[in-house]
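Please dock the two separately framed chains into a single complex, following the hints provided.
For the record, the sequence lines run as chains A and B.
Numbering that gives the first Met the number 0 puts the first residue of the first sequence at 0, with every later residue one more than the last.
Numbering that gives the first Met the number 0 puts the first residue of the second sequence at 0, with every later residue one more than the last.
Read the hints as simulated data drawn from the structure, not as lab findings.
Incorrect hints may appear among the rest.
When the alpha-carbon atoms are kept at most 20 angstroms apart in a straight line, the in silico EDC-like pairs for lysine to aspartate or glutamate are as follows [to be verified]: (1) A:K134 - B:E41; (2) A:K117 - B:E38; (3) A:K192 - B:E38; (4) A:K117 - B:E11; (5) A:K74 - B:D60; (6) A:K235 - A:E210; (7) A:K209 - B:E27.
Stretch-level coverage of chain B by chain A, calculated; a stretch enters the list once three of its residues show a Cβ under 8 angstroms from a Cβ in chain A [what the hints assert, rightly or not]: (8) 11-25; (9) 32-40; (10) 45-55; (11) 96-105; (12) 147-161.
Here the structure is a predicted model, which is why all the values come from computation and not from measurement.
Just so you know, even glycine gets a beta-carbon here, dropped at the ideal spot from N, CA and C.
These are the residues of each chain, in order.
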Amino acid sequence: MNSQEPDSVIEALPDPVLRARLGGTDWANDPAFVPDEQVFRLLQRARAAGDMGRVGMLARVLSRRLLSHAKAFAKRSGIFPNIIGNLDQAAEELAQYVWECLITRPGDAAYAENRFGKLFKLRAIDFQRRLLAKKRTCQDSLDAMAHTSDDENPEMTIRMVPALRQDATPFDSLATKQEHAQTAARLQAILTKNEYMTYVMLYVEEMQVKEVAAALGVTTRAINNYKNAALGKIQKEFKQ
Amino acid sequence: MTSSNRRLSSLEDVLDEFYFSADKPSPEMVLRACEAHPEFREDILEFAALWSTHEEAPASDESAYLDEISEESVSRLQSFVLDSLHKLDSKPSQETDIEKAKNAIESLAGGALRRAATAAGLGGSTLLLQKILTKAIKDVPMRVLASLASHLNVTVNALQSTLADTVVVGRSYRASDKPNVPVLETWESAVRTLPVSDKEKDRLLALQSNEDPL
Chain A
0 MNSQEPDSVI EALPDPVLRA RLGGTDWAND PAFVPDEQVF RLLQRARAAG
50 DMGRVGMLAR VLSRRLLSHA KAFAKRSGIF PNIIGNLDQA AEELAQYVWE
100 CLITRPGDAA YAENRFGKLF KLRAIDFQRR LLAKKRTCQD SLDAMAHTSD
150 DENPEMTIRM VPALRQDATP FDSLATKQEH AQTAARLQAI LTKNEYMTYV
200 MLYVEEMQVK EVAAALGVTT RAINNYKNAA LGKIQKEFKQ
Chain B
0 MTSSNRRLSS LEDVLDEFYF SADKPSPEMV LRACEAHPEF REDILEFAAL
50 WSTHEEAPAS DESAYLDEIS EESVSRLQSF VLDSLHKLDS KPSQETDIEK
100 AKNAIESLAG GALRRAATAA GLGGSTLLLQ KILTKAIKDV PMRVLASLAS
150 HLNVTVNALQ STLADTVVVG RSYRASDKPN VPVLETWESA VRTLPVSDKE
200 KDRLLALQSN EDPL
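Chain B on its own, in the form it takes in the complex (with noise of 0.2 angstroms):
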């Protein structure tokens, strides 16, 4: 928070103790807060006058005014509280998911990540599943998503986010090379170039039948 921020943060703190004082200012009220925080008198003077100004003009009858508010109106400061409040509800464990997921896939090496292999249905092929986690795959069958989340104890989304977020294998970045174009493979180009044996290849490219891709 900047020096600025924290000044207007104690800003609103001392006019909302003042406001919050009495149900209308006062002279006394005024001087006292004044005295209190020489720092706002301006402020602390300013939103008097405003707060006085309201008290003392004549007020309007107000249930008249409903009558007049237009559907339109309403509907579009009903859309932004439910905006706002979906995203204040679900932006912290969203986060969170995100950030398990994140902490999940690091920890994978060695013994783990052939673990979660075998949890995914890879059989054990950590090639495979380095493949996926880079994001080098384009079309990873779903089935195969849900149990590496399962196995890794995150959602689906939130592994699905955190793989979107990975950098792609294989970009070259230096200057002294061609500019490096990554090409994502298909999932069957990914099993077919695998050691394994036919038998396996073909349950690996089954796992792909009637699924969406990722």
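Chain A with its partners taken away, still in its complex shape (with noise of 0.2 angstroms):
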């Protein structure tokens, strides 16, 4: 953020020279590599100043990036394959989801100015939230009228997912931590909101029940029964 130069001084590039500063992709050892941030606020300055010609060239460089984010993301987070089956198809419905926000909120587009990459982590998980939620308007009806069988043992599970039994040490914790992480991405769909909040905040934020409970303001119990269902889920999944 420090060694960036102006805005000022990178708008002032003639349109070729700009083009082929805006290809650099290597932005961790390139210090001509422009930053998301900094190609965002030049794109609201052409818009400002009504140069058209400008705000398609940096439209079109900051579209392709952002369908790389995307990507990411939604490898990353379990959108892909879970909820949406078709990687590039999830990639520009989510990148076409943030440049909305940033299109249509000012304070997105504001913030995005300063920190390009933290406003998008918020909007994707947003997205994905959303997501989720279509997809469990089904899946909550089915599940109110299902019931534990002899199969979903939470014992069972524990020991067949490596990752919930007891580590040895906090490099295994760290490792746990990564396997529930990607269990949970590859469960999202078929837990409910209920079940999959709980799996998390027990096996990868590691709380207490007694904090969930407090945090969801129900008893134990229903934690307790959140988790089993949540196990039995998973158990079945492995077992498949």
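What follows is the structure in structure tokens.
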């Protein structure tokens, strides 16, 4: 951020030179790399000046970068393949949602001008939450009819999912949290909202049952029920 | 705004505030936020769970994805952005112009109508101007519209859009009458029926020569 050239200097570059500068992708080592925040600020300035040629060029550069961020997010969060089965489609839908927020919400635009990545992550989580809400509308009613079978034995699940066993070292604990996060991402579409958040809060955030109960305003018994239901579904999934 | 929309917008505010308060969620943060906003407990906890899952999941090499992005995807997204920006940036001024033109037309009566007819080059023929304003003439000369727009201090586009919205005069909706399909006049027939001299009619007809119709 400190080594960034002023916007006015980049803005003054002729189109071909600017296009070449914006094509840089090595953000870690290339001193000429123009960060996302700055590309977005330049776009806002071009828009205010009515320079639609520049707006078009900058919109294309930022669209390409957003698609790349969106692809990475969709895969890491489990949106792909658990909610949307096509990675390109997931990335396009997510990138479009983030663009929409940037264009229509002045607060988002102002934040993105300084911390683009952080704003992107917020809106991407938002997007994921909305997708899950749609998907769960049907899932919740099905779960209400379901009953726990003999197969859904939490103790059995703990034996089957390595991440659910006791950790030996802090390093194991870190790896275990990663495994839980991967499990949660994989099962987000089949767990109910309560089961999903209970599982993550207990096994990824490592909260106590009573803490999750206090946060949700329910009894510890209810949390144990959500936990057991989640473990039951995980067991079924891992058996397949 | 409905109460459900109000709830959503304040939920978004709560989640935004929760997210911007730290770089990653912690049990203390979750408990604090749920205590402060008990009405959104579930949403806060779900948001925290998604955030936490994302933070703990192994990160992938994002730069590798850049090469996999298709030009079609980029073009589609770029078009979406430019289209959205165009709509957003042109909407307020367009709406203001049309509103202004509408008000200007509504204020035309008596002396103002006569002055407008003169300024539009109609020689003070308020009857012809009335027909233009009620969209009873299908091929009004562009120079008449331009002069009228200039007199009303509005853009020609705004004037045209406003006139396009005007209900055509003479249409009858009474159940007792036969349906009255309005017949649009041509500029020529409207001028020919005016109670003015032949010389004035020739002048008015000449306004249309080499012009595009409305």
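Here is how each hint holds up against the structure:
no.	hint	in the structure
1	A:K134 - B:E41	17 angstroms, holds
2	A:K117 - B:E38	26 angstroms, violated
3	A:K192 - B:E38	16 angstroms, holds
4	A:K117 - B:E11	16 angstroms, holds
5	A:K74 - B:D60	11 angstroms, holds
6	A:K235 - A:E210	27 angstroms, violated
7	A:K209 - B:E27	13 angstroms, holds
8	11-25	holds (count 7)
9	32-40	holds (count 3)
10	45-55	holds (count 11)
11	96-105	violated (count 0)
12	147-161	violated (count 0)
Hints 2, 6, 11, 12 from the earlier list are contradicted by this structure; the remaining hints agree with it.
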